[in-house]
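Next come the chains, spelled out residue by residue.
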Amino acid sequence: MTRKSLYIWILLLSVWAVYTGFLIVKGAEKHEVILDRSAASGKRIWQQHNCSSCHQLYGLGGYLGPDLTNVYHRGGEAYIRAMIKSGTAVMPAFDLPDHEIEDVVAFLKTIDRTGNADPANYIVKPDGMIAP
Amino acid sequence: MMGNMRTPAIISLGALSLGLIAGILASHHYPNPGFLGSLIRFDQLRPLHTGFILCWIIFGAFTVSTQAMRQDLDLKPFPLLSAARNFLMIAALTLMAGAYLTRTFGGREYWEFPVWMIIPYMLLGIMQLLLSARLWKGLAKAPVYHWMWLSGSLMFVLILVENYAWLLPGVFNDPIKDLTLQWKSAGALVGAWNQLIYGTSIWLMTRMSPEEKTPAPKAVMAIFFLGFTNLLFNWGHHIYTLPTAPYVRYISYTISMAEWVLLLKIMRDWMKGSGKSAILSTWTGRFLRAADRWVFFNLALALLMSIPALNLFTHGTHITVAHSMGSTIGINSMLLFAAFFYFSEKNRKTGIKYLNISFWAMQGSLAIFWLSLIGSGVMRGMWQLNPGTHGFNQMISDSLPFYITFFWSGSLLALSFFPFIHALIKKSGSNVSEN
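For the record, the sequence lines run as chains A and B. Using our numbering, the letters of the first sequence correspond one by one to residues 10 to 141. Using our numbering, the letters of the second sequence correspond one by one to residues 45 to 479.
Worth flagging that the hints you see were computed from the coordinates, not collected in a lab. Yeah, the Cβ is synthetic: ideal placement off N, Cα and C, and Gly gets one too. Among the hints, a few may not be true.
Unchecked claim - Covered stretches of chain B, as calculated for chain A (at least 3 residues, CB under 8 Å): (1) 79-87; (2) 425-433.
As the list claims (entries may be wrong) - Calculated from the model, a selection of chain A residues having no Cβ within reach of chain B, i.e. all distances over 10 Å: (3) D104; (4) H108; (5) E111.
Stated by the list, open to error - Calculated from the model, a selection of chain A residues having no Cβ within reach of chain B, i.e. all distances over 10 Å: (6) G68; (7) E86; (8) Y88; (9) R90; (10) K94; (11) S95; (12) I110.
Required output: the full structure, derived from the provided sequences and hints.
Here is the structure:
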């Protein structure tokens, strides 16, 4: 172990700090989609009711329920409202006021606009990378 | 047991115990959804399980690395700081459990509690960092485990702050940026506590086999930097399917593939043979050996999952869980037990029958548990790539045999830990020195 190792360690940390700062300030998404006030409120409700314990967005979350990234496109507003209000054999019913349900719908509508999370829609490139 | 390390060890093992119980109850929701009705729901049991287990891993990592550092640097204990640490650990556990039991959420996955409850974790991290800061002096010529302890302590604090970047409106209101940063910090936090645990394991091995020829420093540091680079930059494999710019995916893909070096090194070491039969007469040695085996299987799975074309199949399935739980149980928990037994004088030697049975029950049930998760993941992966064949509920129904296997093997696995927890916690009645 030498001073050279120390310089490499500091260099790696510095690059990490710059990369992290870049991602926080600039982001790395292909197309920027921003939540409006209602959708942002819906996102808070999503967190407050821990929807991620069972559901995923882009495959990230719990696995007891389905991925909801594109549920707005597949099922529409009425479907989302019905699921929240009545639940299923596995999902509990959520007694949310109408305006909160509207906010959750707005959130899922915005998430749907960010892209398609369906793996079947991806292509595999010759180098093993995937692309939508 | 363990001198002034006894209290944080008991707290860590207590967190593990509660996490195992919550895990058994949560896993039962798969073959039998809603079985506890409104008494306690899955959206409470899952965070209770992951929360308690995270506390086991984090508090355990802090406890064993602190003890190892104290012995390595010949430091005197600080009773006031030890008391503060114990208080913070209990506070963190109590607040978290209270939040989840009352369904008071507001955070993110694995940190579902309200934001202010991160304070005890952050203070613990800062205390750990302040202790590790003395490693900075002389670091250039220090053994690799000093580098790992310092890196782990530093990155835990920095990444825990990064974990809450979503509090910034510019992050919260940009869902893709938010998900990117969430899984960037989630992956890196794992790397941070891994540095503490693996560093302690290397320290253990040098203590237990001082006559073993240590690898050349350059080779050791190369492996360290591979792991450190992985910690800093290889989080992108969590989000291959997120619509991010291509460079995010390619950075992670490249670093992930470099990790094949590690797998090949492990295979080469196995073929050379370890010849450490004397060490296997201790529980420390047996748990180290078990972790070594599980590193191979989980690393192989992780490397395959890190290939984007294969990740398309595994992402969003229980194959991811097989990797995360396989690593948390098979690697980190085994290494923590190795360390706890090392610091516990009276239990260094094996030969206690019920512990031998528990050990093999643990390894066997973990193997079945791991395979059942992969099996259910394959079912879901096939369905994801062919969604038109049948609905989500049909896929869940078809996966039932794997969920039943997962529940029973997981329950046996959880129960097999308790004899070891009991062995570590019970007082010997003899004079046990701190060292």
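Verification of the hints:
Chain A is given as covering the stretch 79-87 of chain B, and this holds because 4 residues of the stretch bring a CB closer than 8 Å to a CB of that chain, at least three being needed. With a cut-off of 8 Å between beta carbons, the stretch 425-433 of chain B has 4 residues touching chain A; three or more are needed, and the interface restraint holds. Listed as a non-interface residue, A:D104 keeps its Cβ farther than 10 Å from every Cβ of chain B; the least gap is roughly 12 Å. Look at A:H108: its CB is around 19 Å from the nearest CB on chain B, clear of 10 Å, so calling it non-interface holds up.
The beta carbon of A:E111 is kept farther than 10 Å from every beta carbon of chain B, the shortest such distance being approximately 18 Å. Taking the minimum C-beta to C-beta distance to chain B, about 3 Å, the non-interface status of A:G68 is violated against the 10 Å cut. The claim that A:E86 is not at the interface with chain B holds, since no C-beta of that chain comes within 10 Å of its own (minimum 19 Å). The Cβ of A:Y88 lies farther than 10 Å from every Cβ of chain B, with a closest approach of about 13 Å, so its non-interface assignment holds.
With a least beta-carbon separation of about 19 Å from chain B, A:R90 lies farther than 10 Å from that chain, consistent with its non-interface assignment. Taking the minimum C-beta to C-beta distance to chain B, about 17 Å, the non-interface status of A:K94 holds against the 10 Å cut. Non-interface call for A:S95 relative to chain B: holds, since the shortest CB-CB distance, roughly 14 Å, exceeds 10 Å. Distance to chain B confirms A:I110 as a non-interface residue, since its nearest Cβ pair spans about 18 Å, more than 10 Å.
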